[in-house]
Structures are given as C-alpha cells and as structure tokens.
Amino acid sequence: MGHLIWLSPAQMRRIEPYFPLSHGIPRVDDRRIISGIIFVIKNGLRWRDAPKEYGPHKTIYNRFIRWSRLGVFNRIFSELAAKGGKPNELMIDATHLKAHRTAASLLKKGMFPRRIGRTKGGLNSKLHAVCDGHGRPLIMLLSEGQMSDYKGAALIINALPEANALLADKGYDADWFRDALTKRGIKVCIPSKANRKVPIPHDVMLYRKRHKIENMFGKLKDWRRVHTRYDRCAHTFMSAICIAAIIIFWINQ
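First residue of the sequence shown? That's 166 in our numbering, and the numbers climb one at a time after it.
Don't take every hint at face value.
What the hints assert, rightly or not - List time: in silico DSS-like cross-link candidates among lysine-lysine, alpha-carbon distance up to 30 Å:
1. Lys285 - Lys316
2. Lys223 - Lys251
3. Lys348 - Lys358
4. Lys377 - Lys335
5. Lys374 - Lys348
6. Lys207 - Lys285
7. Lys285 - Lys358
8. Lys207 - Lys223
9. Lys335 - Lys316
10. Lys263 - Lys374
11. Lys316 - Lys248
12. Lys352 - Lys362
13. Lys316 - Lys223
14. Lys285 - Lys223
15. Lys251 - Lys377
16. Lys217 - Lys377
17. Lys248 - Lys362
18. Lys248 - Lys348
19. Lys316 - Lys263
20. Lys386 - Lys207
As the list claims (entries may be wrong) - Quick list of the computed label-pair ranges, beta carbon to beta carbon:
21. Lys251 - Gly220: 37 to 43 Å
22. Val193 - Ile365: 52 to 58 Å
23. His376 - Asp195: 17 to 23 Å
24. Pro364 - Arg389: 38 to 44 Å
25. Gly298 - Gly220: 36 to 42 Å
If you're looking for bench data, these hints aren't it; they were derived computationally from the structure. Being a predicted model, the structure only gives us computed values, none of them experimental. We put the CB at the ideal spot given by N, CA and C, even for glycine.
Take the sequences, apply the hints, and build the full model.
Written as structure tokens, this is what we have:
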C-alpha cells in the first residue's frame with residue numbers, strides 16, 4: 166500500500182467543510198473515496214482499475230460524477246484559493262489540453278457544450294488560468310481549444326482580485342485589456358506585439374517572474390487525466406483539474 170495516495174487528517178480538515186451533507190444512509194468513508202479519486206486522476210487510470218484498497222470502483226466513480234455535477238470540487242478550489250491572501254502580482258495565461266478520442270466521441274450531443282475544439286494540433290480543450298505571484302492558481306476557465314487568449318481574458322477579467330500588477334505574454338496585448346486593467350489600478354506588464362506601430366514599454370525585470378504560471382501548468386499536466394482529456398463532459402474534466410490544483414497548491418503546503 167506504500168504506493169497508494171491517502172489524504173492526511175489535516176488535509177481532510179481543510180476540505181471537509183465544503184462536502185455536501187449526507188442524507189439518509191451514512192456515506193461511505195470520505196477519506197477513502199476521495200483518496201481513490203485522486204489516485205485515478207493522477208495516474209490516468211480507468212475507474213475500473215482503481216486499487217481495491219479504495220473500495221468498489223463504481224462507488225469511487227459515482228461519487229466523482231455526482232459531486233462534479235454539484236460543483237463540489239470547483240467550490241473547494243474557489244474557497245481555498247480565496248483564502249490565499251491578497252496577491253501582489255497576478256499572471257494570466259492559457260494552455261492546450263489534448264482531447265482523447267473517448268472524450269471527443271460525442272461532440273455534438275447533449276444539452277451542455279463539451280468545450281472541445283479543433284486546432285492544427287487536433288481536438289483539444291484550452292485551460293485559461295490566473296495565478297498569484299507564488300504560482301498558485303486563483304481562477305481557471307475551460308474553453309474550446311480554438312478560443313484566443315484575449316477572448317478568454319474577457320471572460321475572466323471581472324473575477325480578477327485586487328493586485329498591484331498583472332503579467333502576461335504578447336497574446337494578451339490588446340488595448341481594451343490594458344485599459345480595463347489600468348482602470349482597476351493594476352499595473353500592466355505585457356510585451357507589445359510585433360505589429361504594434363508604437364510599442365508600449367513594459368517592466369522587463371518584473372516580466373521574468375512569468376515563468377511561474379508556466380511551471381503551474383506543468384505541474385497540473387503531471388496528472389495524467391489532466392494532461393489528456395478522457396472525460397466527455399466538461400464539468401467532470403474541470404473537476405479533475407480542480408482536484409489536481411487543490412492537492413498540488415492548496416492543501417499540500
């Protein structure tokens with residue numbers, strides 16, 4: 166059992182307040198089931214391949230699906246990120262996540278969008294994220310792979326917390342984005358695009374910190390079911406991303 170993942174009592178205390186209340190028959194042990202969910206997502210397993218120490222794989226899968234539909238994992242991530250304190254700097258960026266054929270098999274069916282798009286690299290989704298100066302994710306948004314960076318920023322900007330500066334790459338060099346940040350009192354640190362007639366200077370030394378959000382994406386992609394999307398539904402895939410972010414950045418400190 167040494168290779169298995171088990172949440173510690175201290176980690177459980179951090180996330181238990183956000184669990185749904187149990188009605189009727191008592192729930193199966195939360196620590197065992199959540200640890201099993203984490204193991205499957207981290208190692209990219211099929212649910213049926215979950216180690217027997219975590220209990221029946223159907224119980225693990227059903228808990229993950231049910232709580233994903235309720236938005237439990239998204240809420241845990243949001244609440245823990247909100248308690249991280251006021252950030253001095255913010256960093257925004259996006260990354261592509263390859264969609265496996267099992268995820269893309271029902272592209273046009275169902276009421277809700279799959280958040281899977283087509284780019285030169287094939288079918289994929291795009292994760293837009295904002296992190297703090299320590300490289301911890303604060304806001305995450307899933308979209309179709311072809312959505313541009315600045316369009317993703319338009320969906321995120323109203324949720325940005327107060328900060329002194331925001332770092333981003335050239336993909337976010339848009340006048341409306343710069344103006345919106347300036348109105349909120351946030352210093353803009355974004356290099357100008359090559360086609361800008363009059364380049365706008367930026368703080369080169371401050372911009373060097375932007376590697377932290379790239380590192381954050383790299384750590385998330387170490388989890389196999391985040392690196393490759395196997396989930397057909399966007400809400401279950403987003404739950405897997407939130408679980409990875411919670412474990413890596415918010416309860417392992």
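Against the structure, the hints:
| no. | hint | verdict |
| --- | --- | --- |
| 1 | Lys285 - Lys316 | holds, 19 Å |
| 2 | Lys223 - Lys251 | violated, 41 Å |
| 3 | Lys348 - Lys358 | holds, 22 Å |
| 4 | Lys377 - Lys335 | holds, 16 Å |
| 5 | Lys374 - Lys348 | holds, 23 Å |
| 6 | Lys207 - Lys285 | holds, 27 Å |
| 7 | Lys285 - Lys358 | holds, 22 Å |
| 8 | Lys207 - Lys223 | holds, 18 Å |
| 9 | Lys335 - Lys316 | holds, 13 Å |
| 10 | Lys263 - Lys374 | holds, 27 Å |
| 11 | Lys316 - Lys248 | holds, 27 Å |
| 12 | Lys352 - Lys362 | holds, 22 Å |
| 13 | Lys316 - Lys223 | violated, 39 Å |
| 14 | Lys285 - Lys223 | violated, 37 Å |
| 15 | Lys251 - Lys377 | holds, 17 Å |
| 16 | Lys217 - Lys377 | violated, 37 Å |
| 17 | Lys248 - Lys362 | violated, 42 Å |
| 18 | Lys248 - Lys348 | holds, 25 Å |
| 19 | Lys316 - Lys263 | holds, 20 Å |
| 20 | Lys386 - Lys207 | holds, 9 Å |
| 21 | Lys251 - Gly220: 37 to 43 Å | holds, 41 Å |
| 22 | Val193 - Ile365: 52 to 58 Å | holds, 56 Å |
| 23 | His376 - Asp195: 17 to 23 Å | violated, 37 Å |
| 24 | Pro364 - Arg389: 38 to 44 Å | holds, 41 Å |
| 25 | Gly298 - Gly220: 36 to 42 Å | holds, 40 Å |
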